Amino acid sequence: MGTAYLPDQFHAALTKSKAKAVNVKKLTKELLARDVPLAKGQAPFVTARVNRERYGFPLPKEVSALLDVADALAIEDVKMEDFRYCRVAPEGWEMPAPVKDEPYVSTVVKRFDWNVFSNMQLWEHLAGLMPLGWDGGDSRYEVSTVSNPAHVFWMDSETAQLYGPVANSLSNFLATHLGETKSIPEVDRKLSLSPSHWSRDDDELSYLPRNVPLRAWPPFLAARSEWLIAELVFNDSAEQRKQPEVSCFDFKTEVKLVAKNEPLALYWLLRSFILEEQDVFDETASKTRIFPSQLVTSTIEVCERAWKKTAKESSLVKAREHVKDQAKGLRKAKWTKPLSIKDL
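In this text, residue positions in the sequence shown follow the numbering used here: the first is -6, and each later residue adds one.
Derived from the structure by calculation, the hints contain no laboratory data.
One should not assume that every hint holds.
[Said to hold, decoys possible] In the SDA-like style, the derived pairs of lysine to any residue whose C-alpha atoms are separated by at most 25 angstroms in a straight line are:
(1) Lys9 / Glu173
(2) Lys235 / His315
(3) Lys13 / Arg42
(4) Lys175 / Lys22
(5) Lys22 / Ala65
(6) Lys327 / Leu60
(7) Lys72 / Ser10
(8) Lys11 / Met73
(9) Lys253 / Thr40
(10) Lys327 / Pro212
(11) Lys103 / Arg47
(12) Lys280 / Leu225
(13) Lys54 / Val15
(14) Lys11 / Thr21
(15) Lys18 / Phe50
(16) Lys183 / Tyr78
(17) Lys235 / Lys330
(18) Lys321 / Glu173
Keep in mind it's a predicted model, so treat the numbers as computed, not measured.
Please model the complete structure; the sequences and the hints are all you need to start from.
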């Protein structure tokens, strides 16, 4: 099916499933009943337009189309095979509104701590992911923001481990969960409906192969950057630094891409600051200072101010001080099989 399902066929399938129009009054009443505060005149969910503005960079066509459909129809109320759409309420699991006199990256970092590991939302942006919804339990589906078609991944709620993809496109994933599987490859169908190895009859069924560069591959981006978040949040990244992806990088290749890739921009800005690579930071900042993502431009501003601060004044400086003894080793690239620098 590729990407053709969104938006028209998806909208038609939802209508066939008796999806109702979004009811602002109903959503507002539900939020207030759950003690979720709403400012005067504030909408009870983040619209597609606002979402796009907050992300800043162009989202994959499928993702953008899904947001538009969600503005019109209550997708979250439609019974699907094993998927619940995540409609984002204000202060919910999505890009937050800017807070007056607070750096935007600080607003994002303070949003969520998840599974006692790290800030979930910053992790999503370093991995190139957007929250999509839940399976029948509490595990999450995430969709790529860095590839067209937009791959769909599954995250185990108990381990915070990212798996997949479970579908080669958002279209394939949504069509499968609405029962329209005629043109969907069998492996996409099986993985979309049963993403966990624990719940499959055929335990040998592996996840779909990577068919995009590593710079657009969330599992690689996530594994490589988790140590940065662990340091910023807990000042402890010993376990995360053991992952082989941590040593798989090439600045000369990737710096050419940072101006159009939010995960790479965030990775190199935070990494170069923590490892005290002033030349790397300056070059990355010069290429991303006018990046459309306010998360990136805010990160530049915060890091530039933090260069002059003491360890007691900044979590960034504390992270830098904590890994000082390991910095030399972390600056050395060591590509491992099956990861190759040619794949970037």
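Verification of the supplied hints:
1. Taking the CA atoms of Lys9 and Glu173, the gap is about 12 angstroms. The hint holds against a cut of 25 angstroms.
2. Straight-line distance between C-alpha atoms of Lys235 and His315 comes to about 16 angstroms, which keeps the hinted pair within the 25 angstroms bound.
3. Simply put, Lys13 and Arg42 have alpha-carbon atoms about 21 angstroms apart, close enough for the 25 angstroms limit, and the pair holds.
4. Distance check on the hinted pair: Lys175 and Lys22 sit about 39 angstroms apart at the alpha-carbon level, beyond 25 angstroms; violated.
5. This hinted pair checks out: Lys22 and Ala65 have alpha carbons roughly 18 angstroms apart, not beyond 25 angstroms.
6. Our distance criterion of 25 angstroms between C-alpha atoms is broken by Lys327 and Leu60, whose separation comes to about 40 angstroms.
7. Our distance criterion of 25 angstroms between C-alpha atoms is met by Lys72 and Ser10, whose separation comes to about 8 angstroms.
8. Taking the CA atoms of Lys11 and Met73, the gap is about 12 angstroms. The hint holds against a cut of 25 angstroms.
9. This hinted pair checks out: Lys253 and Thr40 have alpha carbons roughly 24 angstroms apart, not beyond 25 angstroms.
10. For the hint pairing Lys327 with Pro212, the CA-to-CA distance comes to about 18 angstroms; that is within 25 angstroms, so the pair holds.
11. Among the hinted pairs, Lys103 with Arg47 is consistent with the structure: their alpha-carbon atoms are about 16 angstroms apart, no more than 25 angstroms.
12. For a cut-off of 25 angstroms, the pair hint linking Lys280 to Leu225 stands: about 24 angstroms separates their Cα positions.
13. Distance hint between Lys54 and Val15 is fulfilled; the C-alpha atoms sit about 22 angstroms from each other, no more than 25 angstroms.
14. Annotation: proposed proximity of Lys11 to Thr21 holds, straight-line Cα distance about 22 angstroms (limit 25 angstroms).
15. At most 25 angstroms may separate the alpha-carbon atoms for a hinted pair to count; Lys18 and Phe50 exceed this at roughly 31 angstroms.
16. Pair hint Lys183 plus Tyr78 holds up; C-alpha atoms about 19 angstroms apart against a cutoff of 25 angstroms.
17. Proposed proximity of Lys235 and Lys330 is supported: the alpha carbons are some 15 angstroms apart, at most 25 angstroms.
18. The straight-line distance between the Cα atoms of Lys321 and Glu173 is roughly 53 angstroms, outside the 25 angstroms bound, and the hint therefore fails.
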